Structures are given as C-alpha cells and as structure tokens.
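Using the sequences and the hints given, assemble the complete structure.
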Amino acid sequence: RFILALTIVTSFAFMKPVKNAPKKTINVVIDAGHGGHDHGMMVDRFTEKEIVASIAEKIKKNNSNKNVVIHLTRTEDNFISLQERAKLINELQPDLVLSLHVNGNKSTEASGIEIYISPQSSKYENSKLIAKNLNSKLIANHNFKSKGVKDANFMLLRETAYPSITVELGFLSNENDRQYLTNDNQQDKIAITILETIAELK
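Count along the sequence shown from 1, add 1, and you get the number used in the working numbering.
Hints may be right or wrong, so weigh each one.
[To be verified] Calculated lysine to aspartate or glutamate pairs in the EDC-like style (CA-CA distance at most 20 Å, straight line): (1) Lys67 <-> Glu197; (2) Lys59 <-> Asp189; (3) Lys146 <-> Glu115; (4) Lys129 <-> Glu197; (5) Lys25 <-> Glu201; (6) Lys107 <-> Asp45; (7) Lys148 <-> Glu176; (8) Lys133 <-> Asp152; (9) Lys61 <-> Asp189.
[Stated by the list, open to error] Computed beta-carbon distance windows for the label pairs: (10) His40 <-> Lys67: 30 to 40 Å; (11) Leu89 <-> Lys62: 26 to 36 Å; (12) Glu92 <-> Asn177: 34 to 44 Å; (13) Lys62 <-> His143: 16 to 26 Å; (14) Asn134 <-> Asn186: 35 to 45 Å; (15) Leu89 <-> Asn186: 36 to 46 Å; (16) Asn68 <-> Asp152: 26 to 36 Å; (17) Asn184 <-> Ala141: 15 to 25 Å; (18) His40 <-> Glu126: 28 to 38 Å; (19) Ala111 <-> His40: 15 to 25 Å; (20) Lys67 <-> Asn154: 35 to 45 Å.
Calculated directly from the structure, the hints in this document are not laboratory data. Remember, it's a predicted structure, so these values are computed and weren't measured experimentally. For each residue, glycine too, the CB sits at the ideal point set by N, CA and C.
Laid out in structure tokens, this is it:
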C-alpha cells in the first residue's frame, strides 16, 4: 500500500499544472450615426449626431474590461458615408457592430427605444440574441419603454458580415426622452449598460 501511495504521489508531482485558456479578445465597433453636415434628428439646440457621438465616446471611456476592445467609426464631427462605414467594419472583423441613433416623431407622445436587426444578414440569429439581451438590460436598468426588436433592411446592417444592431435610444421629440438623452450622467449609465451587454458576448 505504501508503494502504491508513493507511486500516486510521485505521478501527481510530475503532472503539469493546468493553465486557464486565455480569454478571447472581443472586438466591438460602436458606430455613432450621422456627423458633419448630416445632423440627424434635431430639436431645439440638440442634434442626434452630437448625442450619439457623446454616448459612443463614453462607451470607450468607461470600458475597463481588458478583453474588450472598442472601435469607433468616427471620433470627430465628420460625415462618413454608409459605404465607408461598412468597409471599415468589415476590415475590422468585429464580434459586434452597434450603430447608435435617436428617434423623432411628429407626435411628441412617441417615446421609447427601438432595436433593429436585418434578416438579410448572415448573422441574423446571432444579432437577434444580442439585441434581445440589450433590450432587456435597457428596460431593466433605465425603466425605458421599448418598442421591441424589429427587422429592418438598413444598409449598414445588411452590408456588414458580422452581428450588427441599430439602436434608437429614444425620441428626441419627446420631452422626457430628450431630458434623459441629453443628460451627461444618464448617457454614462446608457454606456455602462451597453458595456454590460458586450461583456456577455462569447
């Protein structure tokens, strides 16, 4: 028995320690819609292009996950065509593309978030899972109204070969949504919720 025990102990002594496999780097493109002469939705002094650019920058700034790399399609107030954005995205080969926008409506009563994915995309099912997760988190963390996850044939969603989502973060034409979207602290909270969703990508 002593010899058997010694053999077992000796065999364990020479076993190599199992190393944890390195975690995969998650590359995410945050696309701030519009820019330059293209202001997007405008109400009073507020513009869609500035709001989404601010939130995109906050996503990059608040990212403390070493396994997540955030790429921005624009870092300045410049116009970039949809074709140029799609080309950049496909060159980066990201795990997720998140295009940020804000909505508008003639009715000031219209309110809430909308998330779009493209059935023409080869990554449609993957995009849908991520979109539903983000939608749930935005509702839970911010008490947002939600118009749900919808199909759309948007060019950027269709032409990128990777999971792609367009998020309308609220209606600039609605007073409550506008106050939320233009508040610096609330923008930080939106950025953090988006980062929580990104951290769960596999």
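Whether the CB-CB distance between Asn184 and Ala141 falls inside 15 to 25 Å: 19 Å, holds
Going straight from one Cα to the other, do Lys67 and Glu197 come out at no more than 20 Å? 13 Å, holds
For Lys133 and Asp152, compute the direct alpha-carbon distance and say whether it is at most 20 Å. Holds, at roughly 12 Å.
For Lys67 and Asn154, compare the CB-CB distance with the range 35 to 45 Å and indicate the outcome. With Cβ atoms ~37 Å apart, the hint holds.
Given the proposed pairing of Lys25 with Glu201, does the C-alpha separation stay at or below 20 Å? With Cα atoms ~12 Å apart, Lys25 and Glu201 stay inside 20 Å; holds.
Is it true that the C-beta distance of Leu89 to Lys62 lies inside 26 to 36 Å, as the hint says? Given range 26 to 36 Å: violated, Cβ gap about 21 Å.
Hint check for Asp152 and Asn68 - Cβ pair distance inside 26 to 36 Å: Holds, at about 31 Å.
Asn177 and Glu92 - C-beta distance against the hinted 34 to 44 Å: Given about 39 Å between the Cβ atoms, the range holds.
Verdict for Lys62, His143 (Cβ pair) under range 16 to 26 Å: 19 Å, holds
Range agreement (Cβ of Asn186 with Cβ of Leu89, hint 36 to 46 Å): Hint violated: Cβ distance 31 Å, outside 36 to 46 Å.
Against the 20 Å threshold, does the CA-CA distance of Lys59 and Asp189 hold or violate the hint? 6 Å, holds
Sort out whether Glu176 lies within 20 Å of Lys148, counting only the CA atoms. 18 Å, holds
When the structure is compared with the earlier hints, violations turn up for hints 11, 14, 15 and for no others.
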